[in-house]
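Using the hints provided, position chain B relative to the given structure of chain A.
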Amino acid sequence: MEIFSQLGSVIVGLYNSSGLCHLGWQNYVMIAISFVLMFLAIKKQYEPLLLLPIAFGMMIVNIFPDIMANPVTQLLTEGQVKSMGLDPASYPTTSELLTKAQAITAGFEPSTLAHVNIGGSEFYRVVYYSVTENGGLFYYLYQGVHLGIFPPLIFLGIGAMTDFGPLIANPKSFILGAAAQIGIFITFIGAIILGFKTNEAGSIAIIGGADGPTAIFVTSKLSPELLGPIAVAAYSYMALVPIIQPPIMKLLTTKKERSIVMGQLRPVSKLEKIIFPIVVVVLVAILLPDAAPLVGMLMLGNLFKESGVVDRIAKTAQNELMNIVTIFLGVTVGATASGTLFLTPKTLGIIALGLIAFCLGTACGVLFGKIMCWATKGKINPLIGSAGVSAVPMAARISQKVGQEENPANFLLMHAMGPNVAGVIGSAVAAGVLISVLK
Amino acid sequence: MENMMLALSLLLAGFIIVFVVLILLIIIITVYGKIIQAAQRSSKTRKEKKKTADPVQSAAAAQHGSIGADVKAAASSEGTDEIPGEIIAVIAAAVDAVYGSKPHRVRSVKRSGTVRSAWGNAGVIGNTRPF
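If you read the sequences in order, they're chains A and B. Read in order, the letters of the first sequence correspond to residues 1 to 439 in this note's numbering. Read in order, the letters of the second sequence correspond to residues 1001 to 1131 in this note's numbering.
By construction, these hints were calculated from the structure, which means they are not laboratory data. Treat the numbers as computed from the prediction; the structure is a model and nothing was measured. Please note that a few of the clues may not be correct.
[To be verified] Cut-off 27 Å, straight-line C-alpha distance, at most; resulting in silico cross-link-like pairs (DSS-like, lysine-lysine): (1) B:Lys1050 with A:Lys379; (2) A:Lys273 with B:Lys1044; (3) A:Lys172 with A:Lys255; (4) A:Lys221 with A:Lys197; (5) A:Lys270 with B:Lys1034; (6) A:Lys273 with B:Lys1110; (7) A:Lys401 with A:Lys43; (8) B:Lys1049 with A:Lys379; (9) B:Lys1049 with A:Lys377; (10) A:Lys273 with B:Lys1102; (11) A:Lys197 with A:Lys439; (12) B:Lys1102 with A:Lys270; (13) B:Lys1049 with A:Lys172; (14) A:Lys270 with B:Lys1049; (15) B:Lys1051 with A:Lys270; (16) A:Lys270 with B:Lys1110; (17) B:Lys1034 with B:Lys1049; (18) A:Lys401 with A:Lys44; (19) A:Lys172 with A:Lys44; (20) A:Lys377 with A:Lys401; (21) A:Lys379 with B:Lys1034; (22) A:Lys270 with B:Lys1047; (23) B:Lys1034 with A:Lys273.
[As the list claims (entries may be wrong)] Label pairs and their calculated CB-CB ranges: (24) A:Val261 with B:Tyr1099: 26 to 36 Å; (25) B:Glu1048 with A:Pro267: 40 to 50 Å; (26) A:Gln143 with B:Arg1046: 56 to 66 Å; (27) B:Leu1008 with A:Leu251: 24 to 34 Å; (28) B:Ser1043 with A:Leu251: 44 to 54 Å; (29) A:Ile278 with B:Glu1048: 42 to 52 Å; (30) B:Ala1013 with A:Ala89: 58 to 68 Å; (31) B:Ala1038 with A:Ile193: 50 to 60 Å; (32) A:Arg312 with B:Glu1048: 20 to 30 Å; (33) B:Ala1038 with A:Asn319: 30 to 40 Å.
We put the CB at the ideal spot given by N, CA and C, even for glycine.
Isolated chain A (complex conformation):
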């Protein structure tokens, strides 16, 4: 019988220490959302490289919230340290002067303490041991996001993978990359109207750039407390580009416009490709120093690739480094979506505004594409305008896909890559503007 009662108490103990006992309904909602995101990543293959680690991080933090716990440092007396079964000699100490009454209240025996006389009053020197309890695994991995280290590293990898050839061949694509950033600034006004502070509004608006690393970088500078919801919103919308963009593109263009076949791009020489990153960095760093970390790393990666003399470094930036940072970034961004912190009206407002920003960016890009189509007498397909919202290369693929639905022999991919990579530079420039004005 005693065995059964012990077994029962073990089971009760396990239940009490498990997540089941402490989780609120918000955690269960977030776990359900994480399952939906995993389904989209695995079954539908919507940006699985991002969505899968995000969804998994979201799930695990809602089952075991302590995985994101901050490290805790406690100041304990010698007796307290010993009562915890720890050796006081292995912990750093700090000392403090207390009056006799204060020392007794703090649990010290005054007769055992060294005392000093200052100005005729007796003070007792007490010694505290600082015992630090380590934080959760994701807390440490998250520091790369929190300190704004991962976004520029991701940009290094993107730069090493990006071919700016289509943009150099057709520099007018920059206009479309700039147009798609208008959504950012319009959303900023919307967020102010809804009562967000200016720095919060800036962080929310940058979601419209559809560039996760840029959104994280801006938010870590302007309003770090919103990092979780903004990062999740930015990456989720990047992953959901195939669902969000096509209806807007079709709504704003005619069948005839979508069928436009664009001429072949001119070949770009190696020298032009090598000069490009240097020119961009020099110009952007001089005009907008706040955008220099992002644009600088993007162009450094690109210079590695185009120079052709540091193949090993370029390959590391494209593959190993990029993959490692993506794993850490994805899983820790997902882990910021803890149900109790995430399911609040403010967060839901951020996610709604982020979606509006993203839709506005797409719409502005397509509308400017229409203007360019009209100005060039039908030589530009307006669908490539939507690719101006960075999200490389998914947004360009969407332009290709929607164009091909109208005309299967139409290949817009390389034309859309121009505005797409211009969008990366444009969103980094917009980020620089937001940081320099709102910081």
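For chain B alone, coordinates are given in the frame of chain A:
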């Protein structure tokens, strides 16, 4: 009200700065692109002139029945001098592989236009179908 003024001024400033920076980039890229293209074109013609002026080289080329020289001359006469030399060499090698020992000569290399072949289309569709 103060925030609204800031928002409007940021909208205006952001719009202008982003466009100005990117338009500056357009101008710089267009200008240096043209300079590099012109420089590369002039160095190419200079090299070609040097080659035709060098009697030993042209004699050697004639002796070997050099495909590259023939094609280059044909390519420039057709106005397709944008096709890189490596591509022409690959095309010439492919022709040689097909014709083998039969007497043959590549006279010109032309782009086939924007319309791809069925095989080309199949390849591009295969590579651009992520979902």
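Just to be sure I understand the hint, the distance between the Cβ atoms of Ala1038 of chain B and Ile193 of chain A should be within 50 to 60 Å; is that true here?
52 Å, holds
Taking 27 Å as the top limit, are the C-alpha atoms of Lys1050 of chain B and Lys379 of chain A close enough?
Violated. Lys1050 of chain B to Lys379 of chain A sits at ~40 Å, over the 27 Å cutoff.
Could you grab the alpha-carbon distance between Lys1034 of chain B and Lys273 of chain A and see if it respects the 27 Å cut-off?
Distance ~13 Å between Lys1034 of chain B and Lys273 of chain A Cα, so the pair holds.
Decide if the proposed pair is consistent with the structure: Lys270 of chain A and Lys1034 of chain B, CA atoms, cutoff 27 Å inclusive.
14 Å, holds
Checking one constraint from the list: CA of Lys270 of chain A to CA of Lys1049 of chain B, max 27 Å. Satisfied?
24 Å, holds
Would you check the hint for Lys221 of chain A and Lys197 of chain A, treating anything up to 27 Å between C-alpha atoms as holding?
Given pair Lys221 of chain A, Lys197 of chain A holds - Cα atoms ~14 Å apart, limit 27 Å.
Satisfaction of hint between Lys377 of chain A and Lys1049 of chain B, Cα-Cα up to 27 Å
Not satisfied, since the Cα-Cα distance of roughly 40 Å exceeds 27 Å.
Honestly, do Leu1008 of chain B and Leu251 of chain A meet the 24 to 34 Å range at C-beta?
28 Å Cβ-Cβ, so the 24 to 34 Å window holds.
Within 27 Å, alpha carbon to alpha carbon, are Lys1049 of chain B and Lys172 of chain A?
36 Å, violated
Using the beta carbons of Glu1048 of chain B and Pro267 of chain A, state whether their distance is inside 40 to 50 Å or not.
19 Å, violated
Is the hinted range of 20 to 30 Å satisfied by the C-beta distance from Arg312 of chain A to Glu1048 of chain B?
Violated - the Cβ-Cβ distance for Arg312 of chain A and Glu1048 of chain B, about 37 Å, lies outside 20 to 30 Å.
Using the C-beta atoms of Ala1038 of chain B and Asn319 of chain A, is the stated range 30 to 40 Å upheld?
Holds: the Cβ-Cβ distance is about 38 Å, inside 30 to 40 Å.
Of the hints listed earlier, those the structure fails to meet are numbers 1, 8, 9, 10, 12, 13, 19, 25, 29 and 32, in rising order.
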